[in-house]
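Undergrad: The lines below spell out each chain.
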Amino acid sequence: MSASNLPARAAENLRAAGRSEDTERRSVASTAVPAEPHAGYRRRFWTRARILRTALAVVFVVVGILMLAPVAWVVVQSVEPASQQFEVPPVWFPHDMTLQSYRTLFTDVPFVMNVLNSLLVTTSVVVGAAITSVLAAYAFARLEFRGREALFVLFLAALTLPSQVEAVPEFVVVKYLHLLNTQASLVFPALVQVFGIFLLRQHFRTIPKDLEDSATIDGAGHLAIIRHVMIPLSWPAISAVMIITGQYIWNDFFWPNLFIISEGRTTAPLALYTLQASQGGGPIGAVFAGLSVLCVPMVIGFIVFQRRLMAGIGYRGVSR
Amino acid sequence: MLSAPTKARSKPKRARPTRRQPLIAYLLLSPALVLYIAFVGIPVVGIVVISFVQWDLISPPHFVGFANYRHLVHDNQLGRTLANTFLFDIMTTTLHVILGMGLALGVTTIRSRVVRYWARTAIVTPFLLSAGVVALVWSYLLADETGPFNYYLRKIGLQPPNWLASGTWSLPGLVIIDVWATIGFTFIIFLVGLQGIPDELHEAASIDGASASSRFRYITLPLLSTSTFIASVVAFIGAFEIFTWPLVDTNGGPGIATQTVLLYIYREAFQNYLFGYSAVVSLLNVVILVSFVIVMSLVARRWVHYERV
Chain A
684 MSASNLPARA
694 AENLRAAGRS
704 EDTERRSVAS
714 TAVPAEPHAG
724 YRRRFWTRAR
734 ILRTALAVVF
744 VVVGILMLAP
754 VAWVVVQSVE
764 PASQQFEVPP
774 VWFPHDMTLQ
784 SYRTLFTDVP
794 FVMNVLNSLL
804 VTTSVVVGAA
814 ITSVLAAYAF
824 ARLEFRGREA
834 LFVLFLAALT
844 LPSQVEAVPE
854 FVVVKYLHLL
864 NTQASLVFPA
874 LVQVFGIFLL
884 RQHFRTIPKD
894 LEDSATIDGA
904 GHLAIIRHVM
914 IPLSWPAISA
924 VMIITGQYIW
934 NDFFWPNLFI
944 ISEGRTTAPL
954 ALYTLQASQG
964 GGPIGAVFAG
974 LSVLCVPMVI
984 GFIVFQRRLM
994 AGIGYRGVSR
Chain B
242 MLSAPTKARS
252 KPKRARPTRR
262 QPLIAYLLLS
272 PALVLYIAFV
282 GIPVVGIVVI
292 SFVQWDLISP
302 PHFVGFANYR
312 HLVHDNQLGR
322 TLANTFLFDI
332 MTTTLHVILG
342 MGLALGVTTI
352 RSRVVRYWAR
362 TAIVTPFLLS
372 AGVVALVWSY
382 LLADETGPFN
392 YYLRKIGLQP
402 PNWLASGTWS
412 LPGLVIIDVW
422 ATIGFTFIIF
432 LVGLQGIPDE
442 LHEAASIDGA
452 SASSRFRYIT
462 LPLLSTSTFI
472 ASVVAFIGAF
482 EIFTWPLVDT
492 NGGPGIATQT
502 VLLYIYREAF
512 QNYLFGYSAV
522 VSLLNVVILV
532 SFVIVMSLVA
542 RRWVHYERV
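Chains as they are written, first to last, in our numbering: chain A, 684 to 1003; chain B, 242 to 550.
Honestly, the hints are just simulated from the structure, not real lab data.
Keep in mind that the hints are not guaranteed to be accurate.
Calculated from the model, a selection of chain A residues having no Cβ within reach of chain B, i.e. all distances over 12 Å [unchecked claim]: (1) 764; (2) 789; (3) 889; (4) 911; (5) 925; (6) 947.
Partial pick of chain A residues on the chain B-facing surface, computed with a CB cut under 7 Å [to be verified]: (7) 847; (8) 872; (9) 959; (10) 978.
Quick list of simulated restraints, FRET-style, between CB atoms [unchecked claim]: (11) A:894 with B:455: 48 to 54 Å; (12) A:894 with B:540: 40 to 46 Å; (13) A:907 with B:462: 46 to 52 Å; (14) A:979 with B:297: 41 to 47 Å; (15) A:832 with B:403: 54 to 60 Å; (16) B:316 with A:979: 40 to 46 Å; (17) B:320 with A:832: 39 to 45 Å; (18) A:733 with B:463: 26 to 32 Å; (19) B:394 with A:946: 32 to 38 Å.
Values in this document were obtained by computation on a predicted structure and should not be read as measured data.
We put the CB at the ideal spot given by N, CA and C, even for glycine.
The following block holds chain A by itself, in its conformation from the complex (with noise of 0.2 Å):
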């Protein structure tokens, strides 16, 4: 009995490493032992790791705060009516809520076309760029060609390029195309996502050839086999690569800043800033309604997706 000292301790070190859930689990059940009742768990409450690991939680609370108070700040400006825009000190719980703003918004420019370019360009690109992505990662993974290596280096060299380094010649070849202010040449040039061959080739080379096989032993064709055993087994990797691929075309804004001149045609972040810029100061809550149409439904959705997110990410850091 009077050994438990020796875990208590144990424990004790291992609440200080303040590592896993796991571990506080464990040196919780081991402090709750009944067997010694004057070990003092009420005095020890208080101990020096759990201040600092409660004073940890409150900073990064206060971070948290911290880094959404801009969007928050911009949705107040939203609701507020034009008297009461940029308040100081600012405003956080707005008394006179309007939506004037947003009238304003969906009226006198035209966002809602803007919007619906800006979800027409992603979703093609998401789709067209998983298709291409899937066809050619396949034809690396698994298919015996010359020129095979060679082919998939040269796709490499592009990521380590960045792309707006090209603005001048691609532009120059878009005009030639006759694309320029059109979406499709947001769309085009979006299509083939180097990261995502690279992603979806490494994926497909874990799954077992024994599949293939068999399916192939069932008379399957090569789009037989993606369709109904390389598309769902890598289901996450692909999801993956079509958040990745959609975020960043949903908010890009150097492409459409250099291809779409008309109003009517370009994407919603760059309508805003149009509209900032050109009217000088004027339908300035027209600015903060659209920023906060664009906002919340990214934060939304980034909660909802987060894990995908989030290794998605990661993916793509790493592939550049």
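Go by the hints and put chain B onto chain A.
TA: Just chain B, lined up with the frame of chain A:
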């Protein structure tokens, strides 16, 4: 039997599917390949070609030899532009590594699931917003009189500058925007790295009496070196390509105090219609970036600890 095509080649019976593969392979590859040639291949070759011509996209281009390259020497904006880009890059990369690692360490140490989830979500969220949206939001936040940022800085007794309008402080102002917007990415890299460190190492060390700081120095830091390397390379490349904040928030100004390389390339081509010279600056940009990545990889060989667990 498809699984062993190389061995199968010797046996005529199995050679058939192998021989048929190239056609289907090229068919499957063709969509990606055609797009790649049109939008990556041709531009890469094109940029070299364009660098030797004088061209405004309207009148036909004419060959000028190395004139565009010679202009690099006489360009009185280029020096400042490169200096701005490097300064911005060094500031953001340093902050990214320090803050990203600190935040990831903090978040993994937190016990409460709720706080951990809240912190992780809040830190990553800004990374998901459009660069254009971020730039617009901060143009209001950093405003001197009406912006909440300076209001709260004054409230805690500081005398903040007029960030985006000051020659000295506009670049650090853009650093603030950049770190807020993209720290989530670095944070995730470190988070993934930290998850790869086995708990047993820390437990064993602390049973042996190692303090928290020495555990950090001798366990966490070496095992995180791969993540640190990836994070610094990605942050460095990302910062070098910076475009949206200077365009929207400062328009490169005041003067050219926040003109970065990419903004300069963009302006030379699409505002001054000097496509040839713009291509030369683009090539310079690629050369600088590639050589930096090579140098970083060489340096990294000395201190990156590749774990073999």
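Undergrad: Min Cβ distance, residue 978 of chain A to chain B: is it shorter than 7 Å?
TA: 6 Å, holds
Undergrad: Starting from the hint 32 to 38 Å, judge whether the C-beta atoms of residue 394 of chain B and residue 946 of chain A obey it.
TA: 37 Å, holds
Undergrad: Is the Cβ of residue 764 of chain A farther than 12 Å from every Cβ of chain B?
TA: 16 Å, holds
Undergrad: So residue 947 of chain A supposedly isn't at the interface. Is its beta-carbon more than 12 Å from every beta-carbon in chain B?
TA: 18 Å, holds
Undergrad: Quick check for students: does the CB of residue 789 of chain A sit more than 12 Å from each CB in chain B?
TA: The claim stands: residue 789 of chain A keeps its Cβ more than 12 Å from every Cβ of chain B (closest is about 18 Å).
Undergrad: Please check whether the beta-carbon of residue 911 of chain A is more than 12 Å away from every beta-carbon in chain B.
TA: 16 Å, holds
Undergrad: Between the beta carbons of residue 894 of chain A and residue 455 of chain B, is the distance compatible with 48 to 54 Å?
TA: For residue 894 of chain A and residue 455 of chain B the Cβ distance comes to about 50 Å; the hint holds.
Undergrad: Taking 39 to 45 Å as the hint, is the beta-carbon distance of residue 320 of chain B and residue 832 of chain A inside that range?
TA: Given range 39 to 45 Å: holds, Cβ gap about 42 Å.
Undergrad: Between the beta carbons of residue 979 of chain A and residue 297 of chain B, is the distance compatible with 41 to 47 Å?
TA: With Cβ atoms ~43 Å apart, the hint holds.
Undergrad: Holds or violated: the 54 to 60 Å window for the beta-carbon distance between residue 832 of chain A and residue 403 of chain B?
TA: Roughly 56 Å apart at Cβ, these two residues keep to the hinted range, so it holds.
Undergrad: Is the interface hint for residue 847 of chain A satisfied, with its Cβ closer than 7 Å to some Cβ of chain B?
TA: It holds, given that the least Cβ distance between residue 847 of chain A and chain B is near 6 Å, below 7 Å.
Undergrad: Taking the closest pair, is the beta carbon of residue 925 of chain A still more than 12 Å from chain B?
TA: 15 Å, holds
The structure meets every hint from the earlier list without exception.
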